Each structure stands twice: as structure tokens, then as C-alpha cells.
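Residue numbers (this note's numbering), protein chains in the order written: chain F, 1 to 140; chain W, 1 to 343.
Honestly, I wouldn't trust all of these hints.
[To be verified] Listed next, with one range per pair, are the computed distances between beta-carbon atoms: (1) F/T134 <-> W/D337: 47 to 53 angstroms; (2) W/K100 <-> F/D4: 33 to 39 angstroms; (3) F/Y75 <-> W/T188: 30 to 36 angstroms; (4) F/R29 <-> W/Q209: 42 to 48 angstroms; (5) W/K256 <-> F/K15: 19 to 25 angstroms; (6) F/K15 <-> W/D239: 26 to 32 angstroms.
Hint data in this document are derived by calculation from the structure and do not stem from the laboratory. Note that the structure is predicted; figures quoted are calculated from it, not measured. Ideal Cβ positions, reconstructed from N, Cα and C, are used throughout, including at glycine.
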Amino acid sequence: MNKDHEPRIVAFLCKWCSSAGSDMAGVSRLEYPPNVIPITVMCSGSVSPIYILSAFNLGADGVLVSGCHPGDCHYIKGNMYARRRMALLKELLPYLGLEPERFQMSWVSAAEGVKFTQIIKDFVAQLKPLGPQTYLRRSL
Amino acid sequence: MVKISDVRQEAKRLLEKGKVRGVVGYVPGTRGGWAIPYLIQEAERAEQLVWDPTCVHNLALFVVEEKKEQAKQKEPDKRPLAVMVKGCDSRAINVLLQEKFINREEVVLLGVSCENSGVVDRRKITHLLHGQQAGEIRFGDNGNIVVVVNSERRIFDPQEVLADRCLECQYNFPVVFDYFYGEKIKKTPPAPYAQVEKLESFSLEKRRQFWEEEMARCLRCYACRSVCPMCYCAECVVDPISFAVEPTTTAEEKAKKIKWIEKSPLLSENFVYHLVRAIHLAGRCVDCGECERVCPEGISIRLLNKKLEREALRLFNYVAGTDSQAPSLLSTFQETDPEDFIW
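Please work from the sequences and hints to get the whole structure.
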């Protein structure tokens with residue numbers, strides 16, 4: 001496996017917490033790997049599993065779904081629904097032979113810029129030894 | 001033992017009195033005594049109803065099809081539809097009720113119990129008979145299956161001939177019904193998730209190999225989707241058939257239409273299709289095994305659904321189709337849901 005592979009991460013960040021958290025990391029001038037492609041969604045509860053599968057299908061090496069901490073959801077309970085859905089997907093993907101490290105979920109609040117940078121650093125470190133994700137990638 | 005004469009009598013009575021617009025049941029097929037699903041509308045035809053181990057179809061599908069058909073009619077017949085339901089079919093009906101796809105008044109359920117037996121797997125029978133044509137297949141004593149071949153009676157152990165889903169079934173009698181035939185015998189399979197657990201015990205590499213071999217065979221004929229009573233969406237997310245590209249369709253309109261996956265049966269696209277289908281059936285699949293039965297390539301689709309069925313039970317203590325009043329798996333949550341996987 002190519003150890004120098006720079007993983008591409010697609011991150012679905014909820015508008016109210018995680019996206020604001022990544023902004024916090026930005027305005028605080030914290031440094032983190034540039035491997036992440038952030039996509040702001042209105043709520044982690046709006047992330048359908050097909051978004052994640054499609055990201056893998058279109059060549060993502062890792063997918064991160066990040067929302068507000070339980071109880072902090074702008075829509076009261078969107079993140080709780082997401083938690084159930086993602087728990088199932090998290091079980092299903094390794095069952096089909098995709099490395100479990102490739103899909104992660106996290107809670108990042110608007111104030112947790114440092115936590116956000118740490119998550120991205122950890123995620124990149126985990127993905128690097130795995131090399132490129134070719135399992136679900138479209139091969140036309 | 002289910003007395004089929006009772007079912008016939010009730011079906012006849014319902015049709016004669018005009019209480020139902022039809023009875024969906026099993027009638028003898030034209031080939032080798034294999035039952036076929038049939039919509040009976042004349043009272044005298046109720047005599048044709050049968051109940052034997054070849055009644056493999058999930059008749060909840062026809063409730064869905066009829067409902068869709070009615071939506072197209074200007075003045076639909078408002079009378080309910082009577083349906084013969086096995087344990088798995090009744091759970092499918094329960095999910096449809098739970099999702100408010102149908103109302104309880106729209107169906108009259110003639111529940112038949114599989115008792116200590118079940119339905120047979122055609123592939124297993126063909127294999128055991130070395131391709132010979134079975135003349136008649138019926139329930140024997142103690143769950144045995146009697147197969148008549150060339151006017152010779154052969155008795156098979158249920159373990160040999162029953163469909164895998166029946167061997168792993170925990171709901172062998174209807175959970176929702178208006179009329180009940182047969183006995184309620186609770187079956188407790190020794191290891192309902194044995195196949196899933198076996199696959200889980202493999203290494204990641206071996207699992208990947210297994211699924212690659214399975215998925216590579218998929219033709220994307222969508223038979224699994226067509227036969228599934230839960231796949232009732234008018235438009236499927238993986239196959240947007242309602243989007244007609246006409247000469248007047250602008251580039252903007254085409255661009256707006258999200259195409260999640262390619263239609264070609266490529267390995268990667270097959271994976272995404274089956275994954276999406278599995279996720280959409282999480283907490284809804286009642287393990288009637290129809291998808292696997294109709295698959296022309298014999299892909300182990302049930303293994304996917306069974307996995308999510310087990311996770312729903314293990315993580316959220318949820319079993320699909322047992323309670324039509326409870327909220328569905330993914331439309332509810334609990335404060336105590338597991339979150340140890342979240343960073």
C-alpha cells in the first residue's frame with residue numbers, strides 16, 4: 001500500500017455546532033491537515049446514509065459526520081436520530097469488508113475548535129496507513 | 001393442523017356477502033404442484049385455495065400493489081381486501097400499518113399458522129430429487145414434509161428442505177389477524193443469527209472477498225426490490241424512473257436531478273445499491289426471504305438484512321413488525337442509545 005497517500009475526507013458538518021466549530025478552529029488560527037472537504041448540512045439528522053455511501057462511491061477515503069452534542073441540537077433532537085442511523089451504518093460497513101476506521105462520527109460544539117482539529121488529525125493519521133479506498137469507488 | 005376447508009369457507013362467505021372486494025390467497029400452480037398467489041373475486045373459486053409448504057410468496061406484497069392500483073382509479077372499490085397471511089406476511093402487514101401505508105380497515109387477514117413447519121426452498125427440493133418433478137408437496141406429521149414423486153411418497157426432515165428463513169424463523173404464526181387457522185406453536189430456533197455470526201467471524205479481507213463474489217453477480221434486475229413488500233416507494237432513490245428526459249428537458253433540469261448511482265451493474269454500484277437497500281430496510285425487514293428466493297443469481301441478500309435485524313435487536317432492542325402502534329426503529333430514539341463509537 002502506498003504509505004504517502006494523502007487521504008481525502010468528506011466531512012458532513014452541522015451548520016449550528018460542528019461547522020461553527022471548524023470556523024472557530026479557523027479564526028483561532030489552529031493548524032490542521034488540509035485533507036478534509038467540509039460540507040455544511042443543516043443538521044446531522046439530515047445526513048442520509050446515501051450521502052455517505054455516495055461520498056465513498058465518488059472517491060472519498062474517509063467520511064466524517066459531525067453534529068451537536070446530545071441536548072444541544074438546534075432542532076432539539078436531530079442529532080439523536082442521526083446517532084441511531086449512523087450506529088447501524090457503522091456496523092454495516094465493516095460487515096461488508098470496508099475498514100471500520102473509514103467512517104467516523106463525532107460531536108463537536110461551536111466552541112470546540114481544538115477538538116475539531118484533533119479529530120481531523122486523528123482521522124488522517126488513521127486513514128494514512130490504509131491507503132486509498134477503492135472498495136466502493138466507482139470504476140467506470 | 002390448518003384446516004384449509006375452514007379458510008375456503010370463510011373466503012367464500014366473505015365474497016358471497018360482498019364484505020371484501022377479493023381474497024388474495026394461494027391456488028395450485030400449473031407446474032408440479034407449486035402454489036401461486038391469486039386474487040379470487042368470485043365466491044365459487046374460493047374452493048381452489050390451498051395451504052401447503054409451497055405457499056412461499058409473501059402476500060403482503062399484493063396489499064401494496066392493490067393499494068397502488070386503487071390510487072389510480074377514479075372510483076375505487078372501498079371494500080377491504082382479504083389476504084391469507086403467514087407469520088412473516090402478518091409482520092409485513094404490521095410494518096405497513098405502522099408506517100400508515102394502509103389502514104387496518106382496508107384488510108381482512110386470514111391468518112394461517114406454519115406451526116412447527118414452514119415453507120420449502122425450491123432449490124433444496126430440486127437438489128434432493130435430482131431434478132425430478134415433485135407431484136405434490138404437503139405437510140406431514142411433526143413438521144415433516146411429504147413429497148410425492150412419480151406416485152412414490154418420500155418424507156423429508158424439515159432441516160433438509162425448509163427455506164433458510166423458516167429454519168431461523170421466530171414468528172411462525174400470524175401476529176395480526178382477523179381469523180386464525182391452525183395452532184400457535186412457538187418455535188425457538190437454536191441459532192437464528194448463525195449465518196451472520198459466521199460471516200462476522202471471518203477476517204475483514206475474507207468478508208470483503210465473500211461480498212465481492214456475491215455482488216459481482218448482481219445483474220441489477222431489481223427483482224429483489226419488486227418482490228419486497230417494504231419497497232413500496234413510487235420512485236426508488238437508486239433508479240429515478242419518473243425522471244423522463246425529453247427533447248425539451250433543459251440541461252439545468254438534468255443537472256438538478258441527483259443521480260446517486262450508475263445504472264450499469266458495476267461492482268461498486270452494486271455495492272451501493274445493496275447497501276442502500278439494506279439501510280432502507282433496517283427495522284422494517286421482516287425476513288420473509290423473498291428477495292433471496294427471487295434472485296436469479298442466488299445472492300445472499302438475506303445476510304445483509306439479517307445483519308441489520310440483529311443490530312436493531314442488539315443495539316436498540318427492536319424487532320420489526322411486532323407492534324403496529326410502536327414508533328418505527330429510525331423515527332424514534334432513546335437517551336440511552338449507544339454512542340461509544342462517537343468521537
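Do the hints match the structure? See the list:
no. : hint                                  : result
1   : F/T134 <-> W/D337: 47 to 53 angstroms : violated, 33 angstroms
2   : W/K100 <-> F/D4: 33 to 39 angstroms   : violated, 54 angstroms
3   : F/Y75 <-> W/T188: 30 to 36 angstroms  : violated, 42 angstroms
4   : F/R29 <-> W/Q209: 42 to 48 angstroms  : holds, 47 angstroms
5   : W/K256 <-> F/K15: 19 to 25 angstroms  : holds, 22 angstroms
6   : F/K15 <-> W/D239: 26 to 32 angstroms  : holds, 31 angstroms
Figure legend: structure checked against the earlier numbered hints; hints not met, in rising order: 1, 2 and 3.
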